[in-house]
Amino acid sequence: MKTEIRETSSQNTEFLLKEANQAKANALRRTLISEVPSLAIEDVKVYENSSVLFDEILALRLGLIPLKTELNEFKLPEECQCNGEGCSACQTTISLGGEGENILYSSDLQTGEGIEVPIKDIPIVKLVEGQEVILEAKAQLGTGKKHSKWQPVVACSYKTYPIQEISEQCNQCGECVETCPRNVYKIEDNELKTPNQEKCMQCEQCVEECPQNAITITDDKTKYIFTFETDQSLTPKQILQQGTKQIKQKLQEFKQKLNQQT
Amino acid sequence: MEIDVKKKNKNEMEIELIGEDHTLANLLKEELLSDSRVQIASYNKEHPELSNPVLHVKTKKEDPKEVIDEITEDLIKSYENLNQEFKEINK
Amino acid sequence: MGYRCARCKEDVEIDEETSGVRCPYCGYRILLKKRGAQPKNIKAR
Numbered sequence: 001m002k003t004e005i006r007e008t009s010s011q012n013t014e015f016l017l018k019e020a021n022q023a024k025a026n027a028l029r030r031t032l033i034s035e036v037p038s039l040a041i042e043d044v045k046v047y048e049n050s051s052v053l054f055d056e057i058l059a060l061r062l063g064l065i066p067l068k069t070e071l072n073e074f075k076l077p078e079e080c081q082c083n084g085e086g087c088s089a090c091q092t093t094i095s096l097g098g099e100g101e102n103i104l105y106s107s108d109l110q111t112g113e114g115i116e117v118p119i120k121d122i123p124i125v126k127l128v129e130g131q132e133v134i135l136e137a138k139a140q141l142g143t144g145k146k147h148s149k150w151q152p153v154v155a156c157s158y159k160t161y162p163i164q165e166i167s168e169q170c171n172q173c174g175e176c177v178e179t180c181p182r183n184v185y186k187i188e189d190n191e192l193k194t195p196n197q198e199k200c201m202q203c204e205q206c207v208e209e210c211p212q213n214a215i216t217i218t219d220d221k222t223k224y225i226f227t228f229e230t231d232q233s234l235t236p237k238q239i240l241q242q243g244t245k246q247i248k249q250k251l252q253e254f255k256q257k258l259n260q261q262t
Numbered sequence: 001m002e003i004d005v006k007k008k009n010k011n012e013m014e015i016e017l018i019g020e021d022h023t024l025a026n027l028l029k030e031e032l033l034s035d036s037r038v039q040i041a042s043y044n045k046e047h048p049e050l051s052n053p054v055l056h057v058k059t060k061k062e063d064p065k066e067v068i069d070e071i072t073e074d075l076i077k078s079y080e081n082l083n084q085e086f087k088e089i090n091k
Numbered sequence: 001m002g003y004r005c006a007r008c009k010e011d012v013e014i015d016e017e018t019s020g021v022r023c024p025y026c027g028y029r030i031l032l033k034k035r036g037a038q039p040k041n042i043k044a045r
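Chains as they are written, first to last, in UniProt numbering: chain A, 1 to 262; chain B, 1 to 91; chain C, 1 to 45.
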């Protein structure tokens with residue numbers, strides 16, 4: 001399998017998966033969503049909360065705040081030497097305190113050494129005069145499978161690679177150029193070209209509008225256009241590296257167990 | 001992940017993938033189907049929460065375990081290649 | 001047991017000997033229970 005990066009930034013990415021099939025593409029998508037770990041608040045100890053939010057709602061909001069994750073600095077609690085009891089290898093402490101009149105934001109979280117809150121303007125709770133919040137929380141690694149707060153990607157999806165087949169019946173009338181919602185087509189040097197081939201969403205408006213029935217929309221089943229956005233707990237590169245590594249490890253474990261038991 | 005070999009004959013095998021889901025099962029099944037030595041490749045998951053997927057493979061004449069072992073190795077190489085290419089992204 | 005009057009916001013103490021639910025300062029009969037002293041442990045889920 002190969003890739004071709006179309007665009008990538010600290011938060012988004014769009015890339016091509018080549019020499020693949022639907023199952024390989026889907027395995028990657030599923031792994032990125034539910035098996036790549038990230039850091040999030042899990043246990044909250046509330047000392048004082050006289051805000052309008054219930055303790056549990058406040059805790060849920062804290063859990064959903066993305067925390068910048070260094071995957072090699074923490075272990076999943078199940079895999080930690082402390083057996084999930086909680087130690088410096090699998091968790092970090094975060095605290096929050098404030099009183100009205102004030103709005104507490106994600107930037108107000110007091111984190112430990114090296115832990116960063118990438119998105120600083122997430123409002124957590126609004127406090128008025130006389131209201132106070134004092135709490136201590138523990139953040140851990142987890143996977144999207146356990147709870148969606150640990151899901152590092154947002155809107156991770158792929159589509160098949162579209163191909164517009166233009167037959168010799170084409171007389172360059174330009175109907176398809178006008179009707180295409182994604183501007184896939186263009187007439188250049190008296191020829192119909194597809195400069196935006198990959199933007200095609202296979203709606204087949206062009207097929208319908210073509211008076212010559214010259215267009216057929218099909219796809220290349222070995223290529224997939226992947227796109228996702230992150231919540232900034234991990235970069236797209238980190239997520240893809242970890243995802244492919246995990247699928248490989250899963251397959252290796254399967255192979256090993258298969259050979260052990262037969 | 002644990003596996004439980006539920007059936008193993010000359011040409012047929014049924015393997016329960018304990019603690020796994022469609023991510024692995026579908027991947028193995030599709031790769032097996034593209035191999036010409038395979039007659040049947042499918043998986044079944046009886047309950048979305050309470051059961052494990054069971055992979056069913058039947059070959060034309062080869063040892064099914066050998067075929068599964070080989071296609072798994074191919075998949076490992078495939079994802080390793082992809083992993084290497086992602087390492088080279090410069091951001 | 002620590003309570004707080006819903007109207008005059010004064011602290012009220014109720015124990016086994018107190019008869020009736022009534023604020024001793026303003027006579028209001030709705031009392032709100034104060035938050036417990038123990039910190040509360042919850043999951044952020």
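Just to be clear, a hint being listed does not mean it is correct.
What the hints assert, rightly or not - Using 25 Å as the maximum straight-line C-alpha spacing, the simulated SDA-like pairs for lysine to any residue come out as follows:
#1 K77(B) <-> V54(B)
#2 K40(C) <-> R61(A)
#3 K257(A) <-> E14(B)
#4 K45(A) <-> L32(C)
#5 K159(A) <-> K186(A)
#6 K77(B) <-> K146(A)
#7 K18(A) <-> N90(B)
#8 K159(A) <-> K58(B)
#9 K75(A) <-> S95(A)
#10 K77(B) <-> K45(A)
#11 K146(A) <-> E49(B)
#12 K60(B) <-> E49(B)
#13 K65(B) <-> T262(A)
#14 K120(A) <-> E78(A)
#15 K68(A) <-> E85(B)
#16 K33(C) <-> I134(A)
#17 K43(C) <-> P118(A)
#18 K18(A) <-> N81(B)
#19 K138(A) <-> L32(C)
#20 K87(B) <-> Q22(A)
#21 K68(A) <-> R37(B)
#22 K146(A) <-> Q261(A)
#23 K248(A) <-> S148(A)
#24 K221(A) <-> G19(B)
#25 K237(A) <-> N12(A)
#26 K43(C) <-> L53(A)
#27 K87(B) <-> E229(A)
#28 K199(A) <-> E49(B)
#29 K255(A) <-> I89(B)
#30 K145(A) <-> S51(B)
#31 K10(B) <-> Q261(A)
#32 K43(C) <-> E78(A)
#33 K58(B) <-> E253(A)
#34 K29(B) <-> I18(B)
#35 K159(A) <-> I89(B)
#36 K221(A) <-> K257(A)
#37 K10(B) <-> E49(B)
#38 K159(A) <-> E88(B)
#39 K43(C) <-> E35(A)
Since the hints were made in silico from the structure, they are not lab data.
Hint check results:
1. K77(B) <-> V54(B): Holds, because 24 Å separates the two Cα atoms, which is no more than 25 Å.
2. K40(C) <-> R61(A): holds (16 Å)
3. K257(A) <-> E14(B): Since the Cα atoms of K257(A) and E14(B) sit roughly 14 Å apart, the hinted pair holds (cutoff 25 Å).
4. K45(A) <-> L32(C): holds (23 Å)
5. K159(A) <-> K186(A): holds (23 Å)
6. K77(B) <-> K146(A): Violated. K77(B) to K146(A) sits at ~29 Å, over the 25 Å cutoff.
7. K18(A) <-> N90(B): holds (20 Å)
8. K159(A) <-> K58(B): Violated, at roughly 32 Å.
9. K75(A) <-> S95(A): Holds. K75(A) to S95(A) sits at ~21 Å (cutoff 25 Å).
10. K77(B) <-> K45(A): Given that 25 Å is the threshold and the Cα spacing comes to 46 Å, the pair is violated.
11. K146(A) <-> E49(B): holds (13 Å)
12. K60(B) <-> E49(B): The hint is violated at about 33 Å.
13. K65(B) <-> T262(A): Between K65(B) and T262(A) the Cα gap is close to 8 Å, so the pair holds against 25 Å.
14. K120(A) <-> E78(A): Answer violated: K120(A) to E78(A) is near 30 Å, above 25 Å.
15. K68(A) <-> E85(B): Distance of about 24 Å is within 25 Å: holds.
16. K33(C) <-> I134(A): holds (19 Å)
17. K43(C) <-> P118(A): Distance of about 22 Å is within 25 Å: holds.
18. K18(A) <-> N81(B): Since the Cα atoms of K18(A) and N81(B) sit roughly 11 Å apart, the hinted pair holds (cutoff 25 Å).
19. K138(A) <-> L32(C): Roughly 31 Å between the alpha carbons, so the hint for K138(A) and L32(C) is violated.
20. K87(B) <-> Q22(A): Distance ~23 Å between K87(B) and Q22(A) Cα, so the pair holds.
21. K68(A) <-> R37(B): Violated, at about 47 Å.
22. K146(A) <-> Q261(A): Status violated; Cα separation ~30 Å.
23. K248(A) <-> S148(A): With Cα atoms ~23 Å apart, K248(A) and S148(A) stay inside 25 Å; holds.
24. K221(A) <-> G19(B): Answer violated: K221(A) to G19(B) is near 30 Å, above 25 Å.
25. K237(A) <-> N12(A): holds (10 Å)
26. K43(C) <-> L53(A): Judged against 25 Å, a Cα distance of about 15 Å means the pair holds.
27. K87(B) <-> E229(A): Given that 25 Å is the threshold and the Cα spacing comes to 18 Å, the pair holds.
28. K199(A) <-> E49(B): violated (37 Å)
29. K255(A) <-> I89(B): Answer violated: K255(A) to I89(B) is near 30 Å, above 25 Å.
30. K145(A) <-> S51(B): Since the Cα atoms of K145(A) and S51(B) sit roughly 16 Å apart, the hinted pair holds (cutoff 25 Å).
31. K10(B) <-> Q261(A): Holds - the C-alpha atoms of Q261(A) and K10(B) are around 16 Å apart, at most 25 Å.
32. K43(C) <-> E78(A): holds (17 Å)
33. K58(B) <-> E253(A): holds (22 Å)
34. K29(B) <-> I18(B): Holds - the C-alpha atoms of I18(B) and K29(B) are around 16 Å apart, at most 25 Å.
35. K159(A) <-> I89(B): With a Cα-Cα distance of about 22 Å, the restraint between K159(A) and I89(B) holds, given a limit of 25 Å.
36. K221(A) <-> K257(A): Distance ~32 Å between K221(A) and K257(A) Cα, so the pair is violated.
37. K10(B) <-> E49(B): violated (32 Å)
38. K159(A) <-> E88(B): holds (24 Å)
39. K43(C) <-> E35(A): At roughly 21 Å apart (the allowed maximum being 25 Å), E35(A) and K43(C) satisfy the hint.
The structure does not agree with the numbered hints 6, 8, 10, 12, 14, 19, 21, 22, 24, 28, 29, 36, 37 stated previously, though it agrees with the rest.
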